[in-house]
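Asks: Below are the chains, spelled out letter by letter.
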Amino acid sequence: MEISDYSDYDLIKRILAGNKELFSELVTRYKKLVFNVVYNMIHDKQEVNDMSQEIFIRIYQSLHRYNPQFKFSTWSVKIATNYCLDAMRKKKIDSLPIDEVPDIPSNGDTPEVRYIKKEQSIRIKKAIENLPEKYKIPVILFHQNGLSYEEITKVLNEPMTIVKNRLYRARLMLREELSGLRKEEIS
Amino acid sequence: MNCKASQDYMMKYFDGCGNDIESAQFKQHLKTCKNCSEEFENLNEAFNFLTQDNGVEPPLDFEANVMKKIDSMEMVRRKRTERTLILLYWAATLALGALFALFVLDAKEAILHSVSRAGNGSVLANALYHVLNVFYGLVDKSFDFLLQLGIIVNNLYRYIVAAAALLLLAARTDLAGLGRKMKLKESRSGLK
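If you read the sequences in order, they're chains A and B.
Using this note's numbering, read the first sequence as starting at 1306 and increasing by one per residue.
Using this note's numbering, read the second sequence as starting at 11 and increasing by one per residue.
I should point out that these hints are in silico values taken from the structure, not numbers from a laboratory.
Owing to the predicted nature of the structure, the values given are computational and were not obtained by experimental measurement.
Short derived list, chain A residues pointing at chain B, Cβ under 7 angstroms:
#, residue
1, T1333
2, Q1358
3, F1361
4, I1362
5, L1483
Pulled from the structure, derived: some chain B residues nowhere near chain A, Cβ distances all over 10 angstroms:
#, residue
6, A101
7, I121
8, S132
9, Y167
10, L179
11, R182
All residues carry an ideal CB built from backbone N, CA and C; glycine is no exception.
So that you can see chain A by itself, here it is in the shape it has in the complex (with noise of 0.2 angstroms):
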């Protein structure tokens, strides 16, 4: 049986038995899960990297304090996420800068469409970043890392009601904010 057969559980307690080079097979299959929630949050592509490794020195260091009654996914985006929040509470950022925004398929699209296109990811990107963080990163977690109501209740430790409240918020925004703006263009 190969390593990359075992199941997460089984890689933990293969590690916390002694073999701690199986870490490694760990970190491969959710570094980009961690990069992800990090980027989400925090632009600059340097501190995402170094932020992402001292999050996975962060799990290594709590393996023990896993439950495997939950998806190891939802635990470690929990420690991300917190120890993300950490960082900018320190740092007192909020919203951060617009980055680059990554060039979509074009699949034979003319350069204007293409264009439109671009500019209407832009605004997008634009209208989530300018969320409040407590309003963005529910929206994070749920649209973009597919974390379920339950799952979000255990990253942010806050009760359903709230996150249920926090999402359906976030959408109203986001609606006024992009509605707002098409109709800037069209006028």
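Using the hints, position chain B against chain A.
Replies: What follows is chain B alone, placed relative to chain A:
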């Protein structure tokens, strides 16, 4: 379905819930209501945008760097435990040594007595007896000296404490005085 219901359904839709009946009614409403249609479109695009790859990839040596950091962390921890153990070892040795010395001193009479009895003419035993005598003599003298010192300190301790207090007070006022002088100098040069 009216706009209010449609907006409510929109939320359910983005939650990934909502039954087929509501879904059909919603689609129907969007066909006729431009406003809701636009709002839905906006939000849909926004959330789709989030799911697309943001093109951020961790570097290839990411795992290696993490494992390196973990290894060095463990090494630091190991060295620290080693150091603590060595310290404890030495402390234990010294403590045992001290206890042993105390015992030897305490049992001075008994030891001298048994050595002299065991010896009975043997050169080695006599030599040991002499060495022990000298040793105990030195210990006694040093104890006497320490005792004298202790008596002097005891008599003078009031004066020693007073002197120490005065010194501290002088040091504080001195420093405070110096501080004020410095500030005066600064303000004068500032005015100029």
